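Student: Below, each chain spelled out in residue letters.
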Amino acid sequence: MPIVIFELPDGTQRKVTAGSGTVLMQAAVSNGVDGIVAECGGNASCATCHVYVDERHGELVGPPNDVEDEMLDFTAAERRPTSRLSCQVQVSDALDGLVVHIPEEQV
Amino acid sequence: MSALTAAAPGAPVVDLDLAELRDDPYPAYAELRRTAPLAWVPSVGRHLLTRYEDIVHAEKLPEVFSSREKGSLLLRTVGPNLLREDDPEHRRLRAAAEPPTRPRQVRDLWAGAFERNAHALLDRIAGRGEADLIGDFAEPLAAANLAVVLGLRNASADDISDWSRAMMAANGNYADDPDIWLRAEGATRAIEEAVAEMAETARREPDGSVISSMVHAAEPVTLAEIQNNIKVIIGGGVNEPRDVFGVGAQALLRRPAVLDRVRADPGLWKRVFEETARWISPIGMYPRQLTQDYEIAGVGLPAGSRVALVIASGNRDESVFERADEFDIDRPQRPHLAFGGGPHFCMGAWVARHEVSALAWPLVFSRLKGLRLAEGAEDCTEGWVFRGLTSLNVTWQTS
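Protein chains in written order, with the UniProt record's numbering: chain A, 1 to 107; chain B, 1 to 399.
Because the hints were derived from the structure by calculation, they are not lab data.
Fair warning: this is a prediction, and the values are worked out from it, not measured in the lab.
Heads up, some of the hints might be wrong.
[Said to hold, decoys possible] Derived, one-sided and incomplete: chain B residues facing chain A with beta-carbon distance under 8 Å:
#: 1; residue: Arg102
#: 2; residue: Arg104
#: 3; residue: Glu274
#: 4; residue: Phe345
Yeah, the Cβ is synthetic: ideal placement off N, Cα and C, and Gly gets one too.
Produce the complete structure using the sequences and hints provided.
Tutor: This is the structure:
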């Protein structure tokens, strides 16, 4: 199973094993990674599981879907070109080694 | 699964007086959090779950804490609806109804109408120098805005308000008062007719509204499903924005220094909104029923147990929010539970944020000069399942 790395705003990193076929948000929440709130439980309704995909991995992860793209305009921390909602990022073996950065605030 | 209408073995039993809860539930919740974070409360007929972490845990486990509560008054009032469904049924209905409530749609499609509605109501009272901001402004505004988002152009704000009140009374009709049922039946019939008419129109001319979105949903939705879900949205969609408006306006009128800061920096309205929703949550609790045996807060609950997630209590949990009983827009940002969590996360969250914090508060405080609480006005905050102000009497200068 792929290992993904969540980098917190203070620079510390959390390496977690993500189940293939799940989404990145679940990997964070089930491993107790701070800073991923996910109020709506993964339905792209709340914009509180915002992450910045590390620039080296942008192409691997791809662009946001339409619904997500809209929500990203309303995140608490600024939107950047690398912004994604982690509940909309499907985990696959191809994401092994992925680094995402957690923003300062989600609410 | 049958509903267990008694305490689970081992669950502490705590008697709470409903009249006291209605007056001020927070002292009782503080005591429960400290001594019995899961307690069977006979007058409520449910186990009350009161700590933040336990509530969040339950919200994220909908397959255990099911929304399909047997014998709920809401089901009797409006029929099957998305609030009392689990996925995948819930997801199909939510996906059909949700698009018009998303933030970009709110901004692009509804914000203009919301602003006109607010100005029209303020035009009516501006010259009077005094008003009840709940009855004269917040409630009719919430109702008029709801008519816009739902696509009920054939209903007035008064209709929406009356329907909402009639259904809300029925949802809390534990005393089984036949007059309350009768009024609710009248309201739900009227909604069914209004929705049927607008659904027919939307079929020909899509207008971006909730009714239109449900009519044209990718996964088909029946007319009866549209009708029932519009009933639910009308039931909750008036009092929630009304109550957060009222509680927040009163909080600021009592804290002139905070009000001055917010007026100088309109970016703070957003914080006022989130802190108001945390401090006195318009929805105080909602029911769940266990699909399987499950242990939470140290108590083993058998399948079928009824649990109330008391989000009003979670939002005052001192282990998460320091000085939780204080209204403080500067507190560290922690996610509050006022909009619920998991798949049932409040569908109206973005609508309410915009209509209250981006429009209603700023307009009221800028148009009504010298706004202040009326002399001798009593605090009319009440309710525990739903909590808000029944009136907010204010005065201002008219010259």
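Student: Determine for every hint whether it applies to the structure shown.
Tutor: Quick rundown of the hints versus the structure:
1. Arg102: holds, 6 Å
2. Arg104: For Arg104 (chain B), the interface hint holds, since the closest Cβ of chain A sits about 4 Å away, which is under 8 Å.
3. Glu274: Given a least distance of 7 Å, the restraint on Glu274 (chain B) holds.
4. Phe345: Since the shortest Cβ distance to chain A is 4 Å, the answer is holds.
Against the hints set out earlier in the document, no violation occurs for any number.
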